[in-house]
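Asker: This is what each chain is made of:
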Amino acid sequence: MRSRTLTMAAGVALALSATGGAVVQAQDPEMPDLTGTTLTYWTSTTGVGQAIPNLIKGFEEATGATVETVAFPDPFEQNFLTRWATGDRPDFFNFHPVYSWMVRLNPSETLVDLSAEDFVGKTKFGLLDSAGNEDGKNYAAVITYPYITGMLYNKQVFADAGLSIPTTLDEFWTACETFKAAYPDKTFMFAGGGDLWPIQIFAFDLWADDVKAGLMDEVNAGTTTFTDPRFVSGIQALQDAIAKGCVNDDITTAGFDGELTSVFDGSAAMIAQGTWAIPSLIDANGLDAVNETIGFFPLSARSATATWSVSQGGSFFVPVNTADPARQEAALAFIRYATGAGYAQYLAESKDLPVLDGHEAPADVSTPLLEANAAYLEASAPGFSMVIKAPYGDFHVSMGEMINGEKTAEDVAADLQREFERAVQTIGD
Amino acid sequence: MPAHGVRRAFGSVRWLAAPALALLVLFNLLPSALQLVFAFTDWNSFRPEVRFTGLDNLQYLLDDGSLVRGVRVSLTFAILVAVIQNGVGLLLALALERTTRINSVFRTIFFLPVLVSAIAVGYTFRGLLDGDGVVNGMLGMLTGSAIDQAWLGDKNLAIVLVALIHSWKWVGLTMLIYIAGLNGIPEDYKEAARVEGASGLQTFRRITMPLLAPAITVNVVLTIVGGLTTFDIIFATTRGGPARSTEVLNMFIFGQYGSGYFGYATALSLVLFLIICAISLPLLALLRRREVSL
Chain A
1 MRSRTLTMAA GVALALSATG GAVVQAQDPE MPDLTGTTLT YWTSTTGVGQ
51 AIPNLIKGFE EATGATVETV AFPDPFEQNF LTRWATGDRP DFFNFHPVYS
101 WMVRLNPSET LVDLSAEDFV GKTKFGLLDS AGNEDGKNYA AVITYPYITG
151 MLYNKQVFAD AGLSIPTTLD EFWTACETFK AAYPDKTFMF AGGGDLWPIQ
201 IFAFDLWADD VKAGLMDEVN AGTTTFTDPR FVSGIQALQD AIAKGCVNDD
251 ITTAGFDGEL TSVFDGSAAM IAQGTWAIPS LIDANGLDAV NETIGFFPLS
301 ARSATATWSV SQGGSFFVPV NTADPARQEA ALAFIRYATG AGYAQYLAES
351 KDLPVLDGHE APADVSTPLL EANAAYLEAS APGFSMVIKA PYGDFHVSMG
401 EMINGEKTAE DVAADLQREF ERAVQTIGD
Chain B
1 MPAHGVRRAF GSVRWLAAPA LALLVLFNLL PSALQLVFAF TDWNSFRPEV
51 RFTGLDNLQY LLDDGSLVRG VRVSLTFAIL VAVIQNGVGL LLALALERTT
101 RINSVFRTIF FLPVLVSAIA VGYTFRGLLD GDGVVNGMLG MLTGSAIDQA
151 WLGDKNLAIV LVALIHSWKW VGLTMLIYIA GLNGIPEDYK EAARVEGASG
201 LQTFRRITMP LLAPAITVNV VLTIVGGLTT FDIIFATTRG GPARSTEVLN
251 MFIFGQYGSG YFGYATALSL VLFLIICAIS LPLLALLRRR EVSL
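The listed protein sequences correspond, in order, to chains A and B.
Counted the way my numbering counts, the first sequence spans residues 1 to 429.
Counted the way my numbering counts, the second sequence spans residues 1 to 294.
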């Protein structure tokens with residue numbers, strides 16, 4: 001008797017769990033009915049938290065489609081491109097909407113031109129004039145606000161040390177000396193050199209002043225090279241920071257995670273990072289704690305200029321699918337959903353600022369993001385990779401060699417120039 | 001049934017090999033032949049057309065310095081692997097030479113890593129050797145103080161560690177080949193040596209080692225070629241870092257392919273192939289001659 005009751009109870013529990021228990025959302029009548037369609041979606045494993053996967057789920061519920069997500073681990077770009085090179089294609093995917101990356105996909109032949117879609121006119125800041133743009137055609141839908149890089153800093157540590165916010169590199173060095181005297185056991189700027197990519201950001205930020213003054217036009221035209229002192233000084237700054245004791249001792253092995261924990265727990269005063277790191281800080285510590293502890297300030301060589309860029313996290317492309325136009329149309333339905341019906345919910349969940357017109361910022365945008373946005377609107381330059389006309393090699397790997405003592409800043413600059421010239425030659429005329 | 005009746009029913013047996021041969025040609029010989037063609041082109045992901053560029057790829061390879069570094073790292077890795085794997089494999093084989101029940105159990109245990117995916121092995125050891133990993137935990141317990149050394153982050157140690165991991169995975173195979181070699185040595189010789197008053201070490205040096213020559217040939221060549229063609233373990237543990245200290249040629253080729261420089265990557269692969277031939281063929285000839293002279 002007892003065993004029969006147990007079996008029935010188990011059966012009921014199983015049935016309930018199969019239906020999810022909660023109310024199943026009805027399909028949205030405004031969206032096309034894609035029941036029975038399976039779409040493949042390629043993305044990176046490091047995205048924007050849960051907001052994008054939930055956007056995908058929302059699309060599935062609104063249309064009845066099924067989306068199969070394929071997430072490439074790091075190095076994302078290499079893994080993605082190697083698979084792309086085999087001729088394999090997803091139905092839609094995330095990738096960097098940056099010319100020097102997109103050129104590797106051969107957009108005019110392989111990607112759907114989205115210029116006529118609604119979202120193009122609704123995207124703020126004329127972002128799509130550069131992001132996802134090749135030869136005046138728009139290939140990407142961008143739903144993430146531009147990423148802004150500068151310094152994420154611990155407000156309490158700054159206050160305790162009596163530091164004022166540096167606005168130039170010289171002030172940065174002065175502040176470092178003051179800080180080291182007051183807190184010999186703490187780190188002034190924590191850098192995750194073990195993960196390689198974080199150590200590029202300091203250089204990118206320091207280049208902003210010159211990029212704003214037209215440095216990249218010179219590079220693209222071939223009238224200057226990366227070995228120009230304006231670039232080398234930005235690269236050298238990290239090496240100087242190591243020599244002056246302004247960074248962590250374990251810079252060659254520390255990681256991005258270390259950056260986040262140290263700036264939050266106060267063992268470091270700041271990290272050179274971007275606003276993409278803020279959701280991770282919020283996930284780990286809660287919005288209120290982040291608002292209270294973390295701030296943002298821009299820093300370039302000679303002024304408080306922020307750097308902005310757009311990354312793959314919320315940038316969507318659709319490959320041309322001549323074999324199955326219905327599936328291509330279904331993928332476009334996702335683009336319209338992500339930039340239309342699903343966008344409001346994405347904003348609410350991600351606490352991102354709106355990049356499309358007609359949407360209000362969520363009420364609980366974090367303090368550091370608001371400060372970064374203020375800096376972006378006040379004085380900013382595009383990240384050099386947004387405006388460079390060809391790829392430039394593995395800058396992060398060369399930086400890694402530099403901090404490990406294998407290369408000088410001049411060597412790193414020479415690597416950049418050599419790879420850039422090679423890419424320009426390969427892309428051809 | 002009469003034999004010629006069966007043969008008439010099946011025809012020539014050689015035709016049965018045709019499907020396998022077709023696969024070999026399609027997936028092995030054809031790509032190898034195409035490699036010779038594409039290595040001299042600028043095939044890339046930026047443009048659909050492919051242009052013949054002759055020796056430009058090779059010129060860039062030499063100018064760049066990456067080839068020299070890649071070869072140096074690959075050779076270092078291969079030699080480390082050859083020494084470690086053969087040394088440990090031989091010791092294990094000597095210990096487990098006799099086919100007893102308990103020896104069979106241990107032979108199986110040591111052979112199991114050979115069957116495990118190299119990527120899985122790489123990721124597992126990466127976790128173990130992490131700053132917060134098990135190895136540091138155990139060292140911390142032994143020494144009484146917290147250890148957070150990032151073992152794979154040491155640019156001098158990383159290549160040795162990766163060679164050790166690779167050897168750990170493959171030593172079972174080396175061991176089995178040595179066991180087969182040892183079991184092939186007639187007991188009479190060792191018996192005779194014992195009667196003559198030879199010590200264990202003398203027997204090993206004068207009788208076992210020379211008669212083990214064929215097994216040594218096979219194992220040395222296999223371990224060196226295995227070391228030169230490695231990729232999975234390095235990809236899973238260090239991705240070629242820190243500071244390119246573990247960037248073997250295959251890792252570099254992968255990076256170039258991923259950056260869209262397909263022709264260049266193919267040229268590098270061709271160079272790697274030639275290096276492997278240049279090392280393994282003379283080595284094989286040398287060891288074979290040693291076998292004969294012994």
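Hint data in this document are derived by calculation from the structure and do not stem from the laboratory.
A hint or two may mislead.
What the hints assert, rightly or not - Have a look at the derived ranges for each label pair, beta carbon to beta carbon:
no., chain 1, residue 1, chain 2, residue 2, range
1, B, 64, A, 323, 33 to 41 Å
2, A, 66, B, 19, 47 to 55 Å
3, B, 87, A, 411, 50 to 58 Å
4, A, 170, B, 132, 36 to 44 Å
5, B, 156, A, 357, 52 to 60 Å
6, B, 64, A, 325, 42 to 50 Å
7, A, 360, B, 160, 37 to 45 Å
8, A, 411, B, 157, 49 to 57 Å
9, A, 411, B, 36, 18 to 26 Å
10, B, 145, A, 245, 20 to 28 Å
11, A, 360, B, 31, 55 to 63 Å
12, A, 85, B, 28, 17 to 25 Å
13, B, 232, A, 361, 43 to 51 Å
14, B, 28, A, 121, 51 to 59 Å
Beta carbons: idealized from backbone N, C-alpha and C, even for Gly.
Asker: Does each hint fit the structure? Answer for all of them.
Answerer: Hints versus structure:
Residue 64 of chain B and residue 323 of chain A have their C-beta atoms about 40 Å apart, which keeps the hinted 33 to 41 Å range intact. Between residue 66 of chain A and residue 19 of chain B the C-beta distance comes to about 37 Å, which lies outside the given range of 47 to 55 Å. Checking the proposed 50 to 58 Å range against residue 87 of chain B and residue 411 of chain A shows it is violated: the Cβ atoms sit about 38 Å from each other. At roughly 38 Å, the beta-carbon separation of residue 170 of chain A and residue 132 of chain B lies within the given 36 to 44 Å, and the hint holds.
Checked against the hint of 52 to 60 Å, the C-beta distance between residue 156 of chain B and residue 357 of chain A comes to roughly 55 Å, which is consistent with it. Between residue 64 of chain B and residue 325 of chain A the Cβ separation comes to about 44 Å, which falls inside the hinted range of 42 to 50 Å. For residue 360 of chain A and residue 160 of chain B, the Cβ-Cβ distance of about 58 Å falls outside the hinted range of 37 to 45 Å, so the restraint is violated. Between residue 411 of chain A and residue 157 of chain B the beta carbons are some 24 Å apart, a value that contradicts the proposed interval 49 to 57 Å.
Take residue 411 of chain A and residue 36 of chain B: their Cβ atoms lie about 34 Å apart, and the range 18 to 26 Å is violated. For the pair residue 145 of chain B and residue 245 of chain A, the supplied restraint of 20 to 28 Å holds, since their beta-carbon distance comes to about 24 Å. A beta carbon spacing of about 56 Å between residue 360 of chain A and residue 31 of chain B agrees with the range 55 to 63 Å that was offered as a hint. For the pair residue 85 of chain A and residue 28 of chain B, the supplied restraint of 17 to 25 Å holds, since their beta-carbon distance comes to about 20 Å.
A beta carbon spacing of about 46 Å between residue 232 of chain B and residue 361 of chain A agrees with the range 43 to 51 Å that was offered as a hint. Restraint check, residue 28 of chain B to residue 121 of chain A: a C-beta distance of roughly 54 Å satisfies the suggested window 51 to 59 Å.
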